[in-house]
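**Q** First to last, the protein sequences are chains A and B. Just so it is clear: in the first sequence, position 109 is 109 by my numbering, and no numbers are missing. Just so it is clear: in the second sequence, position 56 is 56 by my numbering, and no numbers are missing.
If you're looking for bench data, these hints aren't it; they were derived computationally from the structure. Please note that a few of the clues may not be correct.
[Stated by the list, open to error] When the alpha-carbon atoms are kept at most 20 Å apart in a straight line, the in silico EDC-like pairs for lysine to aspartate or glutamate are as follows:
#1 B:Lys120 x A:Asp78
#2 A:Lys63 x B:Asp26
#3 A:Lys7 x A:Glu149
#4 B:Lys63 x A:Asp26
#5 A:Lys142 x B:Asp123
#6 B:Lys63 x A:Glu27
#7 B:Lys105 x A:Asp26
#8 B:Lys132 x A:Glu27
#9 B:Lys142 x A:Asp26
#10 A:Lys120 x B:Asp26
#11 B:Lys61 x A:Asp53
#12 A:Lys120 x A:Asp53
The structure displayed is predicted, hence computed values, not measured ones.
2 protein chains.
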Amino acid sequence: MDAQSEKILAHIIRNTRIAALGTLRDEAPHITMIQFVTVQDFSTFYIFANRLDPHIMDLQKNKLMSLLIAETDDGRADPRTLARVSIRGSAEPMQNGEPGFTLIKKMYIERFPASEALFKNADFGLWRINPKGGRFIAGLEKAYNISLETLQKVSER
Amino acid sequence: MDAQSEKILAHIIRNTRIAALGTLRDEAPHITMIQFVTVQDFSTFYIFANRLDPHIMDLQKNKLMSLLIAETDDGRADPRTLARVSIRGSAEPMQNGEPGFTLIKKMYIERFPASEALFKNADFGLWRINPKGGRFIAGLEKAYNISLETLQKVSER
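One chain only, chain A, in its complex shape:
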């Protein structure tokens, strides 16, 4: 991947607040809009939800998921030039009190202040997404298969 594409990938991962989460439901794909945060080296992503949310019930049955992080549509002439990355991986609930929980909670509340009160609600929790690989489209005719190592490398950009 060229340096400019690496910068674009790092930029959309850092600066996009919402993503599409794909889960399996009744043996079909289902997509939900979610808020997310990631850590500095892009090695894990985190979502926060009610355990009764349908997409969380999906993940409890099958942890395989996909995340699409796409550049916000700015009305440009050709939307195919919008950068986006599809990440495939698996999701697991984070335990309140496990190492890193306080840091992720802090990052999440900083980005989404309205969520603070929900951390006091026992039905809500953080889920960790572990990326296995994915596909990054930097724009027209610029597509790359990516791995966890790619994410970690571009996080230095």
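Position chain B against the provided structure of chain A, taking the given hints into account.
**A** Below, chain B without anything else, positioned relative to chain A:
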């Protein structure tokens, strides 16, 4: 659904140009960003792609899919108030020359002028998405299960 929510649903379907497409890949959900158009009564949606695109190869194996149409993030304080609709359904290739093909092609090119040349490329084609149902989140605490009939009804808003 209240009248205001119906208007919001009609608005995001009409005024959003890109969506997240969920397909099945290796028994896991996969998400791709796509451009789409819909007809006046919201009864069918259309995408246009190369038959060698991975998401099209997914649909050739399993037609079950999901579409997420989400309001563009405008940087508001709480992104959970962004309206979005998840539509589940199935996709099938549209045959060049079948009834309606010319109209859909015209609508697609009007919305995405850069695609015009690709209609001359035999590897590219239109796919029809037939909605079976879905879930509409109009904002905080406002969620609705929707059917094909709901889509048709709100298209009159």
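**Q** Decide, hint by hint, whether the structure agrees.
**A** Consistency of the hints with the structure:
1. Restraint check for lysine 120 (chain B) and aspartate 78 (chain A): the C-alpha separation of about 18 Å stays at or below 20 Å, so the hint holds.
2. Between lysine 63 (chain A) and aspartate 26 (chain B) the alpha-carbon distance is near 14 Å, which keeps this suggested pair within the 20 Å criterion.
3. With a C-alpha separation of about 15 Å, the suggested pairing of lysine 7 (chain A) with glutamate 149 (chain A) holds against the 20 Å cut-off.
4. A hinted pair counts as satisfied when its Cα atoms are at most 20 Å apart, and lysine 63 (chain B) with aspartate 26 (chain A) qualifies at roughly 14 Å.
5. Under the criterion of a C-alpha separation no larger than 20 Å, the hint pairing lysine 142 (chain A) with aspartate 123 (chain B) is consistent with the structure, at around 19 Å.
6. For the hint linking lysine 63 (chain B) to glutamate 27 (chain A), the alpha-carbon distance of about 12 Å falls within 20 Å, and the restraint holds.
7. Annotation: proposed proximity of lysine 105 (chain B) to aspartate 26 (chain A) is violated, straight-line Cα distance about 33 Å (limit 20 Å).
8. Of the supplied pair hints, the one linking lysine 132 (chain B) and glutamate 27 (chain A) holds, its CA atoms being roughly 15 Å apart against a limit of 20 Å.
9. Distance check on the hinted pair: lysine 142 (chain B) and aspartate 26 (chain A) sit about 24 Å apart at the alpha-carbon level, beyond 20 Å; violated.
10. Distance check on the hinted pair: lysine 120 (chain A) and aspartate 26 (chain B) sit about 38 Å apart at the alpha-carbon level, beyond 20 Å; violated.
11. Note on lysine 61 (chain B) and aspartate 53 (chain A): the hinted pairing is violated, with a Cα-Cα distance of about 29 Å set against a maximum of 20 Å.
12. Distance check on the hinted pair: lysine 120 (chain A) and aspartate 53 (chain A) sit about 17 Å apart at the alpha-carbon level, within 20 Å; holds.
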